[in-house]
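Let the hints inform the model, and build the full structure from the sequences given.
Those letters in the sequence shown? Residues 161 to 866, per my numbering, in order.
Quick caveat, the hints were computed from the structure, so don't treat them as lab data.
Source: prediction; values computed, not measured.
Any given hint could be a false lead.
Taking lysine-lysine pairs in the DSS-like style, the calculated list, with each CA pair at most 25 Å apart, reads [to be verified]: (1) Lys-438 / Lys-421; (2) Lys-246 / Lys-467; (3) Lys-830 / Lys-793; (4) Lys-246 / Lys-793; (5) Lys-467 / Lys-399; (6) Lys-748 / Lys-597; (7) Lys-607 / Lys-450; (8) Lys-596 / Lys-569; (9) Lys-748 / Lys-544; (10) Lys-421 / Lys-450; (11) Lys-756 / Lys-651; (12) Lys-830 / Lys-504; (13) Lys-544 / Lys-569; (14) Lys-246 / Lys-399; (15) Lys-320 / Lys-332; (16) Lys-421 / Lys-399; (17) Lys-512 / Lys-246; (18) Lys-246 / Lys-830; (19) Lys-450 / Lys-331; (20) Lys-331 / Lys-295.
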Amino acid sequence: MRASPFQNPPLLAALLLKPFFFPFRPSSSSSSSSLSLPGKTLAMAKTLDESHVGISCYVSSLPGFRGVLKQRYADFIVNEVDGDGKIVRLTTVDLPPNVDDDKEEEKSPSIDKDYSSEIESFRSLCGDADAEALKELLGRISSSPESDVLPIILSPDSDKSHRADVHNFFKKNFNFLVTDTVEGSDGNERCIRVRFSLKEAGGGSRRGKKRKNTGHSDSNDGRPFDSRGSDSWPEHLGKFLRFHLYKENKDTQEALGVIGKMLGIQQRSFGFAGTKDKRSISTQRATIFKLHANRLAALNSRLFGIKVGDFSYVREGLVLGQLFGNRFTITLRGVVADSEETVKTAADGLGKNGFINYYGLQRFGSGSVPTHLVGAALLRGEWKDAVYLILDPREGERADVREAREFYKEHGNIDATLRKLPRHLVAERAVLQCLKKCPGNYLQALKAIPRTLRMMYVHSYQSYLWNHAVSMRVQKYGVSQVALGDLVYCKDSSPVDMVKVDSSETEDDLNDGSLLEESGEEIPDEKVQFVKTVDSEDLQKGTYTFEDVVLPLPGSRIIYPGNEVANLYHEMATKDGISLIESAHGVKEFSITSMKGGYRRVFQRPIDYRWELRTYTDDNISLAETDLDIMSKSTPSDLTRKELLTNGDSAKKLASQKSKDALLPKMALKMEFTLPASCYATMAIRELQKSTTSVAFHKTLNPCTG
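Given below as structure tokens:
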């Protein structure tokens with residue numbers, strides 16, 4: 161008889177949790193909620209605790225159990241759900257059927273023609289050196305027209321009018337050469353780059369939109385030329401290429417950055433509806449302007465952990481928020497409980513009872529300096545403090561990142577720090593680069609951070625207040641019914657006391673992958689929402705249920721509940737030196753009073769929810785199929801070797817386990833469900849397990865890190 165994975169008394173005794181608790185205390189004496197000393201209250205902690213950001217209550221009193229979240233990145237599969245409710249999957253990497261990218265025949269350039277007169281005209285326009293460079297380029301093209309001929313960079317030219325004449329010269333005389341403007345090696349001068357393009361040679365303008373290509377530029381510059389600004393585009397095709405982006409253990413920004421680099425296209429040129437978690441396998445839609453599918457499809461053989469497919473041409477590109485939500489396939493491994501029935505009851509309970517719609521820990525960052533601390537400093541107008549919170553050393557980061565932070569704090573050498581600081585730390589690099597140009601101008605340094613990223617700090621503080629407010633609401637009034645003074649999305653939009661809110665602009669219009677992970681943007685069912693305060697008549701009629709209750713994200717166009725919960729917002733903000741009705745400074749983007757605000761549902765139930773218990777013995781075997789598995793008609797185990805390679809040392813440690821325990825049967829809970837955008841799957845898992853979702857905690861349960 162095979163041993164049950166639940167029959168491990170010593171481990172069970174060590175891991176079981178207390179079943180139900182409400183640790184939140186809205187007392188003004190609570191120190192865990194205070195931000196009055198920026199960077200000192202929470203920065204000392206190695207990791208952020210859920211209670212610090214208001215996550216403390218549960219919907220049900222069902223007992224929880226232990227299980228490892230994201231032991232393998234294949235245990236967390238995310239498929240975007242588009243606005244029509246269709247799950248986005250990678251089903252093919254072939255070019256679009258019935259669409260020929262080359263339907264409009266391009267005329268081959270006449271490269272064997274004698275261009276002596278054109279070269280002499282160009283000599284008069286640009287000088288001997290550039291004329292000789294052009295002559296050499298034409299020679300290379302003539303001898304090998306099908307090869308990848310490197311471009312040339314003309315002499316620096318600060319005269320914008322003259323550069324326009326040069327662009328027009330090539331447009332008129334060389335329809336197989338394309339030009340764009342790049343920065344010179346010193347970063348100050350502007351130069352024209354000239355490149356051979358057989359594909360783009362036929363008819364019309366071949367000059368791309370001017371794009372700033374930074375870095376060293378010389379005659380051997382091999383960066384791909386971005387000709388998407390071309391006036392010529394087949395009329396039968398939509399001007400945006402839409403594709404499905406499949407990625408393993410990479411977030412959205414990282415994957416698009418890799419693709420953009422290969423295509424010579426800036427990462428910001430891609431459109432997408434929301435970011436996905438890095439430690440996952442995810443599929444989502446993306447768009448790019450005027451790019452032929454064959455160029456993108458050709459990258460598949462060179463991409464590692466990324467695939468693109470399901471190509472189509474559409475009239476409009478994607479923007480943040482254009483999705484219904486996400487479909488999750490989550491596997492919890494190493495499940496430990498007092499009985500199998502406990503797990504089954506908890507799994508059924510999640511589908512029946514739902515969960516509190518908290519903003520997850522990802523909203524507040526993964527380091528020891530939470531993003532809402534930075535947000536609080538910004539709202540107070542303490543620019544210098546905010547900069548130091550962003551730059552200062554912190555616990556829990558990689559050694560190279562910590563070394564760079566400590567180096568700057570000790571020496572203040574910006575150039576040397578930038579050489580040490582990894583490029584993925586976008587905010588830190590932007591701040592330092594601005595301080596190098598404008599020493600001491602801390603506000604300008606903060607504004608140098610990309611807008612979507614810098615606004616995340618203020619929105620994080622809104623989320624911090626919201627989480628604490630919802631905990632007080634649940635603790636004081638419960639989850640079984642609506643309370644007097646609650647706010648609800650109303651079902652009848654006629655009464656005059658309702659507040660109209662344009663919810664399409666109230667939530668963050670940002671989606672930083674490293675911080676929001678699996679959450680998307682909150683997109684209500686209707687663009688315009690109406691909110692009202694529940695009165696005694698509503699209670700008597702039973703018009704609303706707990707599922708209708710919302711709480712506000714502070715701003716200038718929201719109302720607060722008509723009960724004690726409203727006081728908490730102002731009390732906590734006041735304790736942090738912040739007013740929710742008056743701004744402490746004149747910088748609108750860092751002021752809650754200049755933001756509209758919004759509303760968020762207190763309760764969420766998983767949609768189309770299903771689960772199953774599975775037994776396994778090998779930690780390296782995938783327990784759920786990915787899009788790539790399904791598309792290739794393979795079984796999950798076919799990808800085992802791939803993840804062993806990409807997981808590095810941790811996977812090797814698993815593969816090398818020879819103990820008898822490694823062969824004992826283990827239990828896993830596999831779940832599939834859909835959540836609307838801006839709902840955190842980790843908060844559903846928290847309700848299920850009645851335990852924290854912090855990465856640090858799950859690492860202690862993960863045999864990979866043991």
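Tested hints:
1. Lys-438 / Lys-421: holds, 19 Å
2. Lys-246 / Lys-467: Between Lys-246 and Lys-467 the Cα gap is close to 20 Å, so the pair holds against 25 Å.
3. Lys-830 / Lys-793: holds, 21 Å
4. Lys-246 / Lys-793: Measuring from Cα to Cα gives roughly 22 Å; hence the hint holds.
5. Lys-467 / Lys-399: The hint holds at about 22 Å.
6. Lys-748 / Lys-597: holds, 24 Å
7. Lys-607 / Lys-450: The hint is violated at about 31 Å.
8. Lys-596 / Lys-569: holds, 15 Å
9. Lys-748 / Lys-544: Holds, because 18 Å separates the two Cα atoms, which is no more than 25 Å.
10. Lys-421 / Lys-450: Distance of about 17 Å is within 25 Å: holds.
11. Lys-756 / Lys-651: holds, 22 Å
12. Lys-830 / Lys-504: With a Cα-Cα distance of about 11 Å, the restraint between Lys-830 and Lys-504 holds, given a limit of 25 Å.
13. Lys-544 / Lys-569: Holds: Lys-544 and Lys-569 sit about 14 Å apart, inside 25 Å.
14. Lys-246 / Lys-399: Holds - the C-alpha atoms of Lys-399 and Lys-246 are around 23 Å apart, at most 25 Å.
15. Lys-320 / Lys-332: Holds: Lys-320 and Lys-332 sit about 18 Å apart, inside 25 Å.
16. Lys-421 / Lys-399: Between Lys-421 and Lys-399 the Cα gap is close to 21 Å, so the pair holds against 25 Å.
17. Lys-512 / Lys-246: Measuring from Cα to Cα gives roughly 24 Å; hence the hint holds.
18. Lys-246 / Lys-830: holds, 22 Å
19. Lys-450 / Lys-331: Distance of about 19 Å is within 25 Å: holds.
20. Lys-331 / Lys-295: holds, 17 Å
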